[in-house]
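Engineer: Sequence:
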Amino acid sequence: MDWTALRDRFRRAPLRPPPAPWRPVPAQKTGGITDVGFGRPSREEGLTAPDLLLVASSTGRGVFDCANGQRVYRDHGETYPDDSLVREGIGPLEGVQVTMAGLWGGGLRTTTDDGWAVHLVAPDWPAESVLLSKDDEPYRGSNWWHIHREEACELRASGFSPSGRTLVIATACDLVIYSRGVERRS
Numbered sequence: 001m002d003w004t005a006l007r008d009r010f011r012r013a014p015l016r017p018p019p020a021p022w023r024p025v026p027a028q029k030t031g032g033i034t035d036v037g038f039g040r041p042s043r044e045e046g047l048t049a050p051d052l053l054l055v056a057s058s059t060g061r062g063v064f065d066c067a068n069g070q071r072v073y074r075d076h077g078e079t080y081p082d083d084s085l086v087r088e089g090i091g092p093l094e095g096v097q098v099t100m101a102g103l104w105g106g107g108l109r110t111t112t113d114d115g116w117a118v119h120l121v122a123p124d125w126p127a128e129s130v131l132l133s134k135d136d137e138p139y140r141g142s143n144w145w146h147i148h149r150e151e152a153c154e155l156r157a158s159g160f161s162p163s164g165r166t167l168v169i170a171t172a173c174d175l176v177i178y179s180r181g182v183e184r185r186s
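For the sequence shown, counting from 1, position 171 maps to 171 in the UniProt record's numbering; every step adds exactly one.
The hints are simulated quantities; they were obtained by calculation from the structure and are not laboratory data.
Predicted, not measured: the structure shown is a model, and the values here were computed from it.
Check before you lean on any hint, since a few could be wrong.
Between beta-carbon pairs, the in silico distance windows are [stated by the list, open to error]:
| # | residue 1 | residue 2 | range |
| --- | --- | --- | --- |
| 1 | P162 | A5 | 14 to 24 Å |
| 2 | A67 | T4 | 39 to 49 Å |
| 3 | G115 | H76 | 33 to 43 Å |
| 4 | G32 | Q97 | 17 to 27 Å |
| 5 | D75 | D2 | 23 to 33 Å |
| 6 | G60 | G107 | 18 to 28 Å |
| 7 | P19 | S84 | 31 to 41 Å |
| 8 | K29 | G105 | 21 to 31 Å |
| 9 | T4 | N143 | 18 to 28 Å |
| 10 | V96 | R12 | 34 to 44 Å |
Glycine included, C-beta positions come from ideal geometry on N, C-alpha and C.
With these hints in hand, go ahead and build the complete structure from the sequences.
Structural biologist: Below is the structure:
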């Protein structure tokens, strides 16, 4: 594989939003993000449960409903370990141990059951870009989109919710959420 050509391909790719069925979800501004993690829906609710995202920042924790971007619960400055990859949920996630991804490691899901995938590339390392692909891979195929380029704020995490309905990109100073409906498989 010609790595120089591949780096040039990623550099030239224009930034653009994910295609349908993904839609941007306006979220409340959040700065100082250290890590994020999805709370798992209960077995009884299955695919009807909302995707809830726990966001930890330098000023506390918040829970976001990823369908509408609303912060549904917030604590301010509670003490919690800085380097833990598992955090205790708050509000609607109270009593839930949430696996986190961000400044201290961890990772969100990089694929969905129906063929979507996120890829991190760094043609101009250390700055990273997030690519989204569908039933393809960006190293050889053409069915991919350049959806985020790290500019002034360090990338903390990117990936999908366990349901596959939400794609999140968290940087040190912003939270970007995309959502979609998911058809049930029989």
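Engineer: Next step is simple, just say for each hint if it's right about the structure.
Structural biologist: We went through each hint and held it up to the structure:
Checked against the hint of 14 to 24 Å, the C-beta distance between P162 and A5 comes to roughly 36 Å, which is inconsistent with it. Separation of A67 from T4 is about 42 Å and conforms to the stated range, judged on CB atoms against 39 to 49 Å. Checking the proposed 33 to 43 Å range against G115 and H76 shows it holds: the Cβ atoms sit about 40 Å from each other. Checked against the hint of 17 to 27 Å, the C-beta distance between G32 and Q97 comes to roughly 23 Å, which is consistent with it.
For the pair D75 and D2, the beta carbons lie near 50 Å from each other, so the given range of 23 to 33 Å is not met. For the hinted restraint 18 to 28 Å between G60 and G107, the CB-CB distance of approximately 23 Å keeps it satisfied. Checking the proposed 31 to 41 Å range against P19 and S84 shows it holds: the Cβ atoms sit about 36 Å from each other. Remark: the range hint 21 to 31 Å for K29 to G105 is upheld by a beta-carbon distance near 25 Å.
Taking 18 to 28 Å as the suggested C-beta distance range, the pair T4 and N143 conforms, at roughly 23 Å. Distance hint check for V96 and R12: the Cβ-Cβ separation is about 43 Å, which falls inside the suggested range of 34 to 44 Å.
Consistency note: the structure conflicts with the earlier hints numbered 1, 5.
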